[in-house]
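Participant: Now for the letters of each chain:
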Amino acid sequence: MKKTALISVAMIVALLTFVMTMTQTHAQREIIHEERSQYRDVVVTEFNDQRCMLFNVHRGDMNQTCIDLRDPKRLVFSYTKMSFAGLLLNPAPRRILVAGLGGGTIPMAMRDLFPNASIDVLEVDQAVLNVAQEFFGFREDEAMTAHVVDARVFIKRAGLRGEQYDYIVLDAFSGEYIPEHLLSKEFLEEVRAILTPDGVVVANTFSSSRLYDYESVTYQAVFGEFYNFKLPGSGNRLILATKNELPPPGELRSPARDLYDALAPYGVNLMEYPPRLTTRPDWDTSTRILTDQYSPANLLN
Amino acid sequence: MSAVSESSQSTPGVSAGPVEHTPYTRLVILCVAFLNGFVIMSIELLGGRVLAPYFGSSVHVWGSIIAVFMLSLSLGYLWGGRLSLRRPGPRVFASFFVLAAALCLPIIFLADAVMTAIFVAVEDPRYGSLLTAMLLYFLPICVMGMVSPYSVRLLVSSHEHSGGVAGMLYFVSTLGSALGTLGTSFYFVLWFNINTVMWGCVAALLLCASAVMLTCRSPSPVSDADAIAVTSEVGQ
Chain Y
1 MKKTALISVA MIVALLTFVM TMTQTHAQRE IIHEERSQYR DVVVTEFNDQ
51 RCMLFNVHRG DMNQTCIDLR DPKRLVFSYT KMSFAGLLLN PAPRRILVAG
101 LGGGTIPMAM RDLFPNASID VLEVDQAVLN VAQEFFGFRE DEAMTAHVVD
151 ARVFIKRAGL RGEQYDYIVL DAFSGEYIPE HLLSKEFLEE VRAILTPDGV
201 VVANTFSSSR LYDYESVTYQ AVFGEFYNFK LPGSGNRLIL ATKNELPPPG
251 ELRSPARDLY DALAPYGVNL MEYPPRLTTR PDWDTSTRIL TDQYSPANLL
301 N
Chain U
1 MSAVSESSQS TPGVSAGPVE HTPYTRLVIL CVAFLNGFVI MSIELLGGRV
51 LAPYFGSSVH VWGSIIAVFM LSLSLGYLWG GRLSLRRPGP RVFASFFVLA
101 AALCLPIIFL ADAVMTAIFV AVEDPRYGSL LTAMLLYFLP ICVMGMVSPY
151 SVRLLVSSHE HSGGVAGMLY FVSTLGSALG TLGTSFYFVL WFNINTVMWG
201 CVAALLLCAS AVMLTCRSPS PVSDADAIAV TSEVGQ
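Those sequence lines, one after another, are chains Y and U. Using full-length UniProt numbering, count along the first sequence one by one with no gaps and you end on 301. Using full-length UniProt numbering, count along the second sequence one by one with no gaps and you end on 236.
Incorrect hints may have been included.
From the derived model, a few chain Y residues whose C-beta atoms are all more than 12 Å from chain U [claimed, not checked]:
{"id": "1", "residue": "116"}
{"id": "2", "residue": "124"}
{"id": "3", "residue": "130"}
{"id": "4", "residue": "141"}
{"id": "5", "residue": "144"}
{"id": "6", "residue": "164"}
{"id": "7", "residue": "258"}
{"id": "8", "residue": "260"}
Covered stretches of chain Y (chain U as the covering partner; in silico rule of three or more C-beta atoms under 8 Å from a C-beta of chain U) [as the list claims (entries may be wrong)]:
{"id": "9", "stretch": "182-196"}
{"id": "10", "stretch": "289-297"}
In short, the hints are calculated from the structure, not lab data. Please read these numbers as outputs of a predicted model, since none were measured by experiment. For each residue, glycine too, the CB sits at the ideal point set by N, CA and C.
Using the sequences and the accompanying hints, generate a full structural model.
Facilitator: Below, the structure is given as structure tokens:
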């Protein structure tokens, strides 16, 4: 009996110690809305004229999306701005796919810029869509549809139907948990299959952790050489990949000049992007490729 | 451990139960119960990764997997308990592990074919994942569920100690489940391919079967003693 009690106490103490060490302090912001979600509750905060969508309010700085209330058009985050670099490779997209809605800032800007394009937006969490519509001005219309679906499922089905897109933004990696099935070689092959010959994939990736190397070699394995895109002062790295050969960097200046005025209201300075694109690997090329069989992304982050 | 060792002292050498009770036998049965619990949760954890490429990793996919595992285990407990009423012995016990190992092989070899077919046939990923989980996991997990009540039967040699024995078995098998969950989600997926871990589970199950066959023997006058023991226990 004594032994049993001792073991039970030891197990409970071990668990409690673990939990206590993991707990952190709260953040101070004004919360204007909380939306219950199947995944993690979505919180809307306002601070300094910025309205933000957060997933993990108790863990602090986990802003998903922010808008500037004084100038809603202006994009706040540098990775959001950077995702328009794909326009250097395909300046006039007609079928756009955005995986990961957030506040809907990327699809809304695309809608303004390319009124004739059809846009599909994928978001796994209905609560995020509700909040985007209610607090971030996201609107669907006849040419722009939001699908509450896992991106992998939608893209696999689009491939089976033979549908193709010429501008694909992969931005489904947000919050604490990384959807590991959206990082594997097999997934990227499915993405490549729905890409038109002149299309471009713009992927927001993990830049600071070990995942940088893993993601880089996996994209390389599927798309071959790609443009690696970083801006000084921002912690983000975006990957710009195409189905065929990349255009040489010199050819990117003219689309940058042509689109500069259109993108200026969004705070996107397209002219400074071309010199920042490089194909030179700055990662460990001997890293293991992520596959459906091997994708421990959450453990590598 | 106390309940189990006490029972051995009360019936030294002679056994009315389905196996000859030596300390060694008891240890082996507890170990295989532990490994069985370990393997069940390891396979469940991997299940989420097996299904994700076709059905995503939304909550409903985890819902499907957990529901199917719980259903399989519940029926496994029921049928394992039933089976333990008729001539329980180490050979049947060992065969559970061999059967479970064999039933794990389709998860390794047929998962992609099964999921491709279901993905095309079923539009809604909730029902697609539920159907897939049923097809791939119901049988092996059901058989693994049969291990628990059956091992209670093999270890219990007197009524007074039955609760202690059952508690001990729940303890080791659920502890195994806890470690299987942690080990798989923290380390195995970082070190190995999914299928490599699955092969490890198959190997662990076969190891259980051989350990049982090597160490647990039916008492020499098998049929009569058993029949009497069983009828008397059921009767009361």
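Participant: Starting from the hint list further up, note which numbers the structure goes against and sort them upward.
Facilitator: Number 2 only.
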